[in-house]
Amino acid sequence: MPSSIPADIPGSARTQKVAVPRWSGLSLMQSELKVLFGRRRTWALLLALAAIPILIAVAVRLSSGVPSGRGPAFLDRITQNGLFVAFTAMLVSVPLFLPLTVGVVAGDTIAGEANMGTLRYLLVAPAGRVRLLLVKYAAALAFCIVAPLTVALAGAAIGAALFPVGPVTLLSGDVIQPPEAAVRMLLIAAYMAVSLAGLSAIGLFLSTLTVVPVGAMAATVVVSVVSQIADQLPQLEWLHPWLFSHYWLGFGDMLRQPVLWDSFASNALLQAGYIAVFGASAYARFTTKDVLS
Amino acid sequence: MNPGSPDPKKRYGLTIETHGLTKKFGHQVAVDGVDLAVPPGSVFGFLGPNGSGKTTTIRMLLGLASASSGTVNLLGMEMPGRFHEVLPRVGALVEGPAFYPFLSGAANLHRLDAATRHTVPATRGARVERALDQVGLAHAANKRVHAYSLGMKQRLGIANALLSHRDLLVLDEPTNGLDPQGTREVRHLVRSLAHNGTTVFVSSHLLAEVDQMCTHAAVMSNGKLVAQGSLADLRRTGSARVRLLTPDGGQARTVLAGLGLDCGAGDAQAGGETLLAALAPASGAPSTRTDASQQAGSGEILAEDIVARLVAAGVRVRGFAVERESLEDRFVALTGEGFDVAQ
Ligand SMILES: Nc1ncnc2c1ncn2[C@@H]1O[C@H](COP(=O)(O)OP(=O)(O)OP(=O)(O)O)[C@@H](O)[C@H]1O
Ligand SMILES: [Mg+2]
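Chains A and B, in that order, are what the protein sequence lines are.
Counted the way my numbering counts, the first sequence spans residues 918 to 1210.
Counted the way my numbering counts, the second sequence spans residues 8 to 350.
Only chain A is shown next, with the shape it has when bound in the complex:
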């Protein structure tokens, strides 16, 4: 008898013989999204993210104008064009705020269920360990998409409310109209979602190691901070291209005419590598783990 717990094998010959018909492969995914985006904590995280552009916009509005060249990039342009609130807020949230919220969500995936004890009931339902892991990761990715979008949309909304909106001058010097600027904003949000995919995989793996969700969350955030610090140290230059945070701030290329896709592609490839490594680790760990909580 196998002493380890085998993985769910969807569509295997055995599954076909099951007397109970197979229904609704996606119902767990739906349920997971409903639980994730229905709970207050997720809303609190998103509200905190939305507060960043609001804070920036209000501060700029109340002050007598920002001297050119000080503060985060784009900050000095806000008074002329409200759309820059969104760009500024996205830039500001990359190093800490986005990784923080993603760390909370990704670190909670398995450990949170284990901590509540619901993991054992999901598994005896049976959800299937591999299926559950995939659904959990997909839900974390959904959050990675929603989080930067929240910053962008809140930024655009508050910017439009407090400042004039007009044509945007790109980093390459070209000028685009507001509708195209909105498309660029979505491109940046997509860039950030991709950026956070690797960190989510790390969080998912850490989450399979413990039944204390706060531990996995904190560890995930610490990993993201350490990676960014390491990226600053010239002594570790050989390591830089391998750090998952290496391209996090490269989304400026989305603000050129034409769009420069190099950093997007490198970033996507790097994140795919992290997903493969930590996804496999999470799989190896979770499919053999004793659920004793």
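No lab work stands behind these hints, which were simulated from the structure alone.
Ideal Cβ placement from N, Cα and C applies to all residues, glycine included.
Errors might be hidden in some of the hints.
As the list claims (entries may be wrong) - The calculated DSS-like cross-link candidates involving lysine-lysine, where the alpha carbons are at most 27 Å apart (straight line), are:
| no. | chain 1 | residue 1 | chain 2 | residue 2 |
| --- | --- | --- | --- | --- |
| 1 | A | Lys1206 | B | Lys31 |
| 2 | A | Lys951 | B | Lys150 |
| 3 | B | Lys31 | B | Lys231 |
| 4 | B | Lys231 | A | Lys1206 |
Said to hold, decoys possible - With beta-carbon atoms standing in for the labels, derived distance ranges:
| no. | chain 1 | residue 1 | chain 2 | residue 2 | range |
| --- | --- | --- | --- | --- | --- |
| 5 | A | Val1047 | B | Lys231 | 31 to 39 Å |
| 6 | A | Ala1201 | B | Gln35 | 23 to 31 Å |
| 7 | A | Trp1159 | B | Ala145 | 52 to 60 Å |
| 8 | B | Asn57 | A | Asp1207 | 18 to 26 Å |
Mind docking chain B with the ligands on chain A? Use the hints.
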């Protein structure tokens, strides 16, 4: 399903069958070579004091924990290898209920029902409603679980086990935290489910509970299975003894000794002396591991023969009774008297 008609799915012999099931946590052997045999249609009590390995065994049955060695068969299929065929037919309550505190009772059941591909979404609402109704939670269906009392959570846990048609229910201490009314309802529920053909495997440390609702039982002690069989068998295994009240103690002792019955020191009281003597266990010894000493009696002696001999020897018999050891005495004899948990 008709209670009488055989279920075509039940082509397997035993509903739960384990061989040499063992679980080690480091150096500690939490479950030690357990051979369970749970017949279909039974209500099987899984008894044992705290820390004796009941929950750990259940975790291995359900594939939550892997066995250090040994095999598990559920519904005739090997676990955990064929979990996706087995588990949809098994309802379980493991080590207490667990729910999302921020969701309502009904939403929790929806979530757990949606977790598997083997349930029909179209009937989900109706099944959730029926399960909540069965455990008396219909009025609290839309309340968040964090506002549930302990007993309400326990009931919701049982409702979760009843969401679909099940061939086997594994309930780990289902009456934990329930009020007397709830306890009675659970007993009633278990009986009616068993009547409809569901095999129920229920762990407990309450003997009275097992006594009242089970047809079979197994006793765990210190990770080992020390007895297993039908409740009638378990009772019969317990040694019987005779209680004799007589003023002629010395003579009675001689007669009893002649019959191969050993009686301890008498207990003097008004009207004479009370003597207690262990009888050999009755015939048809069941498949339980019992102390060799209990089987060392000298064949069968009928109670009326003892009285006849006593009277023939001139012993005045003022009181005579054959007493069976109660199930509780038996439980204590098997698991030890001490209050401390074993490990
Ligand atoms: N995760 C674990 N790590 C180490 N030891 C464990 C673990 N879980 C259980 N044990 C040990 O295994 C033994 C059996 O525990 P188990 O929970 O199976 O007992 P039980 O019979 O269910 O007790 P109770 O009646 O209190 O529920 C205990 O000695 C316990 O200390
Ligand atoms: Mg227990």
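Against the earlier hints, flag every one the structure doesn't satisfy and list their numbers going up. none
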